[in-house]
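Engineer: Below are the chains, spelled out letter by letter.
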Amino acid sequence: MLILTRKAGESIVIDGRIVITISRIEGDVVKVGIDAPAAVPVHRREVYDEIQTSNEAALTTGQPAVPKLDRSAASPAATPP
Amino acid sequence: MAIQSMQTAELVEKQAATANEGVVIHLPLGLLGFEQVHWYNLWALPGEAPFLWLRRRDDCSLGFLLISPFEHVSHYRPDVHQDDVAYLKLNSPSDALVLNIVTLQGNGKATVNLKGPLIINRHTRIGKQVVPRNAADYSVQHPLPVAT
Chain A
1 MLILTRKAGE SIVIDGRIVI TISRIEGDVV KVGIDAPAAV PVHRREVYDE
51 IQTSNEAALT TGQPAVPKLD RSAASPAATP P
Chain B
1 MAIQSMQTAE LVEKQAATAN EGVVIHLPLG LLGFEQVHWY NLWALPGEAP
51 FLWLRRRDDC SLGFLLISPF EHVSHYRPDV HQDDVAYLKL NSPSDALVLN
101 IVTLQGNGKA TVNLKGPLII NRHTRIGKQV VPRNAADYSV QHPLPVAT
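Residue numbers (the working numbering), protein chains in the order written: chain A, 1 to 81; chain B, 1 to 148.
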């Protein structure tokens, strides 16, 4: 892995089209600004991993039977505290 | 853009049920983990409502089970980033078809991914799996109310 040292306000250019700027450093938190074309998706790693894992688990082969839903019981979307 | 349309995917569902090969959906960025697969068919099979199938065009034995979430999950209101709204060329929430990927968990149970909805422009049939601004409020394994 390439390791670069940057100060707040300094940037890194990737492939001439993606600019990553160290926006602010506060204690152990770094705010990073990313300028990328719309065709370059940018995700937080843990969110990407979670959705990727979910997609892989959801992939079906063949023609599995689908469950019957209880139409009278919509379950509320989970909202963590 | 907050999307909470109770309007079902009716038009697309009807076409997906009647057209020979379903409705062609283009995902230029693929799904997360499946970035290289860009072309799918959307199918609705008789007796399987409210579920839809998103099947790979290059191998229709591989696919994903989808559901339009709003009738089955209350209080779901994905807030789509302005960048994604612009990318998908959505002029209003009604342009967006929101479908979420279902995981069959075995033993008859099923969960739905509310954190990474698939948003499709109804008119262009171009879609993207987005991470809404309020994704932290939602689960990737939200249980669906399966009839017992």
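Possibly wrong hints are sitting among the right ones.
Said to hold, decoys possible - Cβ-Cβ distance ranges computed for the label pairs, FRET-style: (1) B/Pro93 to A/Thr61: 32 to 40 Å; (2) A/Glu46 to B/Lys109: 45 to 53 Å; (3) A/Glu46 to B/Gln36: 33 to 41 Å; (4) A/Glu26 to B/Arg122: 41 to 49 Å; (5) A/Gly16 to B/Pro46: 30 to 38 Å.
Said to hold, decoys possible - Calculated Cβ distances over 10 Å to all of chain B for the following chain A residues: (6) Glu10; (7) Ser11; (8) Ile18; (9) Arg24; (10) Gly27; (11) Val29; (12) Gly33; (13) Val47; (14) Glu50; (15) Ile51; (16) Arg71.
It is worth saying that the hints were derived from the structure and are not from the lab. Glycine included, each C-beta is placed from N, C-alpha and C at the ideal position.
Engineer: Next step is simple, just say for each hint if it's right about the structure.
Structural biologist: Each hint tested on the structure:
1. Separation of B/Pro93 from A/Thr61 is about 34 Å and conforms to the stated range, judged on CB atoms against 32 to 40 Å.
2. Restraint check, A/Glu46 to B/Lys109: a C-beta distance of roughly 25 Å breaks the suggested window 45 to 53 Å.
3. Between A/Glu46 and B/Gln36, the C-beta spacing of about 23 Å breaks the proposed range 33 to 41 Å.
4. Distance hint for A/Glu26 and B/Arg122: a CB-CB separation of about 43 Å, consistent with the stated range 41 to 49 Å.
5. Taken as a hint, the range 30 to 38 Å is violated for the pair A/Gly16 and B/Pro46, whose Cβ atoms sit roughly 52 Å apart.
6. Listed as a non-interface residue, A/Glu10 keeps its Cβ farther than 10 Å from every Cβ of chain B; the least gap is roughly 24 Å.
7. Against chain B, the non-interface label of A/Ser11 holds: every CB pair exceeds 10 Å, the least being about 19 Å.
8. The beta carbon of A/Ile18 sits about 14 Å from the closest Cβ of chain B, which is more than 10 Å, so the claim that it is off the interface holds.
9. Every CB of chain B lies more than 10 Å from the CB of A/Arg24, the least distance being 20 Å, so the non-interface label holds.
10. A/Gly27, annotated as away from the interface, keeps every beta carbon of chain B farther than 10 Å; the closest lies near 21 Å.
11. Listed as a non-interface residue, A/Val29 keeps its Cβ farther than 10 Å from every Cβ of chain B; the least gap is roughly 17 Å.
12. For A/Gly33, the condition that its CB be more than 10 Å from all CB atoms of chain B holds, with the nearest at approximately 13 Å.
13. Once the 10 Å rule is applied to beta carbons, A/Val47 is inconsistent with being away from chain B; the minimum gap is 6 Å.
14. Distance to chain B contradicts A/Glu50 as a non-interface residue, since its nearest Cβ pair spans about 5 Å, not more than 10 Å.
15. Listed as a non-interface residue, A/Ile51 fails to keep its Cβ farther than 10 Å from every Cβ of chain B; the least gap is roughly 4 Å.
16. For A/Arg71, the condition that its CB be more than 10 Å from all CB atoms of chain B is violated, with the nearest at approximately 8 Å.
This entry does not satisfy hints 2, 3, 5, 13, 14, 15 and 16, going by the numbered hints stated previously.
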